[in-house]
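Chemist: Following the hints, complete the assembly by docking chain S onto the known chain Y.
2 protein chains.
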Amino acid sequence: MKTQATEFDLITRYFKRPVPKEMLGAGDDCALFSVPSGRQVATSTDLLLEGRHFFSDVDPYTLGHKALAVNLSDLAAMGATPIACLLGLGLPSIDNNWIEKFADGFYALAKEHACPLIGGDTTRSMHGITLSVTVFGSVDPLRTMRRDAAQPGDEIWISGSLGAADIACRMLAGEIQLQPDLLKRIRPALELPTPRVDLGVRLAAYAHAAIDVSDGLLQDLGHILTASGCGAEVFESQLPLHSALNALPGPLLRQAALAGGDLYELCFTAPASAHNVIQSMGHDLNIALTPIGKTTIEPGLRVFDCAGSLVNKLPAGFDHFRT
Amino acid sequence: MKTQATEFDLITRYFKRPVPKEMLGAGDDCALFSVPSGRQVATSTDLLLEGRHFFSDVDPYTLGHKALAVNLSDLAAMGATPIACLLGLGLPSIDNNWIEKFADGFYALAKEHACPLIGGDTTRSMHGITLSVTVFGSVDPLRTMRRDAAQPGDEIWISGSLGAADIACRMLAGEIQLQPDLLKRIRPALELPTPRVDLGVRLAAYAHAAIDVSDGLLQDLGHILTASGCGAEVFESQLPLHSALNALPGPLLRQAALAGGDLYELCFTAPASAHNVIQSMGHDLNIALTPIGKTTIEPGLRVFDCAGSLVNKLPAGFDHFRT
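Chain order of the listed sequences is Y and S.
Quick note on numbering: our numbering labels position 48 of the first sequence as 48, and the sequence is numbered without any gaps.
Quick note on numbering: our numbering labels position 280 of the second sequence as 280, and the sequence is numbered without any gaps.
Bound-form chain Y, shown alone (with noise of 0.2 Å):
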């Protein structure tokens, strides 16, 4: 008789649901998917690991929801509608509490965006949570809004808000300190951010270029500039700060609205002509879209502040090795 799970019940009673009926789920050696004639496929994984990437008191439910949004995000900016994803799962234990609620939020985010769970794999982890989720979404191969696709003169946009998330993530990790109240409202940002999925399809036929803000504004905006060969100036007057941040001191502000990263918002170039029907887009689909910026022949990226004056000190973006 069996007294503990084995890994094979494990993944069967919590991550073996129904998938649509023209694809093969988990319980093979692969899983197969169709692509719609004449689209490529969009893919895109990421690894998160406790302590780097999330904390390890998170909720699991944010968790999983936040494991499948990143990945959601990379579709989204590349204007891919989602086929399907992947999970791969390393635990240092069987907690059967930990695993429903991850698998909830997980499942609640890919229902919501069609996008079923597929297959993947389980392990025991030695060292803590370990995450590996891969999407894969289909894109008509001509409107694709690569990082190299802006042209001089574009509008720079940036969707939703800046500056909470890593607000937050820096009073969670003690680096500053605020009111609780803060905290309980600019939480969600970092924890259950929203992929721009619905937007990214739309976009993909009116943007020349776009990248979802995971690594900071300045240093996500830097990768477009870089790769298209173009320059930009950014207006810090025209930046769409959370509301709830108003009353923070400059310097912090500047800090997370140019440099905080994990926040999940597509910023896009697209040509002046397609301002207006990127604004009723916005209205459409309810959310804050902003124009922030122009791209520009001269190579470098230039901020100016709220006076007009250009910022000489900008703040650093985030990387993964430095630290």
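No lab work stands behind these hints: they were computed from the structure.
Do not take every clue at face value.
Identical copies carry no separate label here, and so any pair may be met within one copy or between two of them.
[Unchecked claim] Straight-line distance between alpha carbons at most 20 Å, and here's what the computed SDA-like set of lysine to any residue pairs gives:
#1 K16 with H223
#2 K16 with P60
#3 K21 with A149
#4 K21 with P141
Modeler: Same frame as chain Y, but now just chain S:
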């Protein structure tokens, strides 16, 4: 001036090699690839953790090889033709020499099987090396060697030989003491397994069901039988043991052959009418293909020893959560 390589430098230096022109490789939010018309995508992902799936002092070249090999083996078991792969890499620190060798091992196998690395994720790990590899291949939806497709009366085959990887692993772990010369001969079976990709692609036209033997022959064959709703008879006298193991004691050999995991040979079932064509295939590819038994209408997996008697106590298979 930078005094330390950043994450992005690291990725660019070792893992951003050219990809086929119809694909988009690392450096954007998603990688992009195409799928031949009328074919489905087969995909599999594995999480490999230091101290769990490989020893801390493993040669990085062999680790790079094996991380991809175990995933290509899943494609092989589905009869899929490789398209591309993704790599997630969590490292405690940046050791250029280690990364270069790891990348060399990974790329050598990727090149051999035309499975270019098109994207991934790199991060600092707090506790040891963490790897996730995801592979994509394409399959003819009507020829996928699913686990549930075995039919009673099929011949059961195994590719290559049995036992070497298991004995090598147990010698390296200090569980058993045998001559160092033996370890030298069998260690490649553990560290440099050959995924049976070409075999899988060819078999897909003839075999009913297939699985790669990652958890042990009995356990993996058991998955086919359970999924297909049939039983099997397996004959120990027919098992192709690795030639270096002949002198080992019977119980040790039986354990290694029937329950030894980490093998990455294909176990497959095919109608008797395909016997000759499968044998020719083995000759063409220079891979030993050995019939080891038959599937039956009666459920259950029965193993007969070399004297023709039913083996009553079978060794248990490998389970990642049993320890």
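Chemist: If any of the earlier hints don't hold here, list their numbers in rising order.
Modeler: none
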